[in-house]
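K.L.:
Turn these sequences into a full structure, and let the hints guide you.
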Amino acid sequence: MSPSSVFHIKEHVLDASHIREFPRALANSQDDVLKLAVKEYIPKDNPNPQPGDVTIIGAHANGFPKVALVQISSHRLNIQKQPAQELTSHDLLSLNETNKPLTLTQELYEALWEDLHAESKKSNFRIRSIIIADAAWQGASSVLNEGKLGNDPGWFDHPRDLVHVVNTLRPLRPLVGVGHSFGGNAIVNVALINPRLFSAVVLLDPVISKWSSNAKGTIGASPAAASASRRDLWPSRDEAKKAFLRSPFYKAWDERVFESWVRHGLRDVPTQLYPEGQGVTLATTKHQEVFTYFRPSWDAYDDKGQTIVKPDLVPDLDPSLNERYYTFPVYRSEGASTLARLPHLRPGTMYVFGGTSDLSTPELREEKMRLTGTGPGGSGGVERGRVREVTLPEAGHLFPMEIPGTSARLTAEWIVKGLGEWRREQEEYERWAALGVKEKTTLTDEWIKRIGRPERPPKAKM
Numbered sequence: 001m002s003p004s005s006v007f008h009i010k011e012h013v014l015d016a017s018h019i020r021e022f023p024r025a026l027a028n029s030q031d032d033v034l035k036l037a038v039k040e041y042i043p044k045d046n047p048n049p050q051p052g053d054v055t056i057i058g059a060h061a062n063g064f065p066k067v068a069l070v071q072i073s074s075h076r077l078n079i080q081k082q083p084a085q086e087l088t089s090h091d092l093l094s095l096n097e098t099n100k101p102l103t104l105t106q107e108l109y110e111a112l113w114e115d116l117h118a119e120s121k122k123s124n125f126r127i128r129s130i131i132i133a134d135a136a137w138q139g140a141s142s143v144l145n146e147g148k149l150g151n152d153p154g155w156f157d158h159p160r161d162l163v164h165v166v167n168t169l170r171p172l173r174p175l176v177g178v179g180h181s182f183g184g185n186a187i188v189n190v191a192l193i194n195p196r197l198f199s200a201v202v203l204l205d206p207v208i209s210k211w212s213s214n215a216k217g218t219i220g221a222s223p224a225a226a227s228a229s230r231r232d233l234w235p236s237r238d239e240a241k242k243a244f245l246r247s248p249f250y251k252a253w254d255e256r257v258f259e260s261w262v263r264h265g266l267r268d269v270p271t272q273l274y275p276e277g278q279g280v281t282l283a284t285t286k287h288q289e290v291f292t293y294f295r296p297s298w299d300a301y302d303d304k305g306q307t308i309v310k311p312d313l314v315p316d317l318d319p320s321l322n323e324r325y326y327t328f329p330v331y332r333s334e335g336a337s338t339l340a341r342l343p344h345l346r347p348g349t350m351y352v353f354g355g356t357s358d359l360s361t362p363e364l365r366e367e368k369m370r371l372t373g374t375g376p377g378g379s380g381g382v383e384r385g386r387v388r389e390v391t392l393p394e395a396g397h398l399f400p401m402e403i404p405g406t407s408a409r410l411t412a413e414w415i416v417k418g419l420g421e422w423r424r425e426q427e428e429y430e431r432w433a434a435l436g437v438k439e440k441t442t443l444t445d446e447w448i449k450r451i452g453r454p455e456r457p458p459k460a461k462m
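Using the working numbering, the letters of the sequence shown map in sequence onto residues 1 to 462.
Keep in mind that the hints are not guaranteed to be accurate.
Stated by the list, open to error - Now the in silico label distances, taken between C-beta atoms and shown as ranges:
1) Arg370 x Glu413: 51 to 59 Å
2) Glu446 x Val143: 53 to 61 Å
3) Glu259 x Thr168: 27 to 35 Å
4) Arg24 x Ala434: 50 to 58 Å
5) Arg341 x Val437: 32 to 40 Å
Hints were generated in silico from the structure; no laboratory data involved. Note that CB positions come from ideal geometry on N, CA and C, so glycine has one too.
P.N.:
As structure tokens, then:
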């Protein structure tokens, strides 16, 4: 359990949802029950929460290695169908020697939660609790599920798991969703499953676009390729920490985040992957991280990689992406699928984008702002003041790890707005709830007036 001067921390182990998106997400049986490692952060200064105190549901990112985040201009991940520079074997070797592992578990957001707690005091709202779970195949959850995990996790498994967490713990409203990267995608899908669950959502550089289809010639420059070849075993935790500190990448992190990474991002050997010897390895294996980046499609296509001949292997793949994006030999559909459903997103939504993030280029930012909340069941979008964007010009994809204070301030601002809307909705409900039982459970005169009296059938002719 992580020490905290701000929160009491409760740990839960809950069942994951049933059934998983893809059969091979489970190694042995489709009926295996996966577990979720869940942490609940309860402010020490709010032992007796009151109605209106906020419950936050958090969602973490997938791992991102250094090469994908420092924005090396000559090796940007370009997903469109145009010539792209490939990394040479020498480039990859050099990058692998300096590239340090990074898998973002739930604990790496503790600094953000601490700073958000401080911001809540300035903004005059109180936090009831913050709940966050490691995805079933990552972090502490993956340790619980060792021996059961396969090689095909589905992104939509995590939002279904989060809905199950909420249904099990039954946290009181109002609820606010906060998600980073892969976790931003998850929070949106939770809101699409249950449109009234969240009173507001904050999406920190979310992965909601067609980026996850790969461009010909750029797979070698992708974060997945770097993850697949990175080091994942050290003689001791101290040696691993020394190795991390040699990287300027980690020096940009808030010190609290880095210490959480050393404490929770590694686990002791032996493990299923390293059954012998001593030392430490990654809590989330690099293999599960790569499986999260891409799904294989090579067996679904013909020998030329042009026509899908086994669609049952890629049931979620949209062939229309072939007009602009490559979906062979690997693909990932959930970013594009979620993008298509953004018009139906109902909670008020704040996007916080990293200005130098490849996942938040001007084109991708404009696309999200244009679509979010504008369709049936949606919030009304930008036009109704229900969608906002903030771009941090000098920030990359991992700004929640680098500037958690700024991330917390922006999150608090949007929570305040969401609370105002929640209170108006709650007051309207309470006025209705104060009516008598008969008025709330029977057809009123207004109902009868609106639906009309039944028409009499015409008399039969003699």
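K.L.:
All hints, please: hold or fail.
P.N.:
Cross-check of the supplied hints:
1. Arg370 x Glu413: 51 to 59 Å: violated (23 Å)
2. Glu446 x Val143: 53 to 61 Å: Given about 58 Å between the Cβ atoms, the range holds.
3. Glu259 x Thr168: 27 to 35 Å: holds (31 Å)
4. Arg24 x Ala434: 50 to 58 Å: holds (53 Å)
5. Arg341 x Val437: 32 to 40 Å: Holds, at about 38 Å.
Comparing the model with each numbered hint stated earlier shows that hint 1 is the single one that does not hold.
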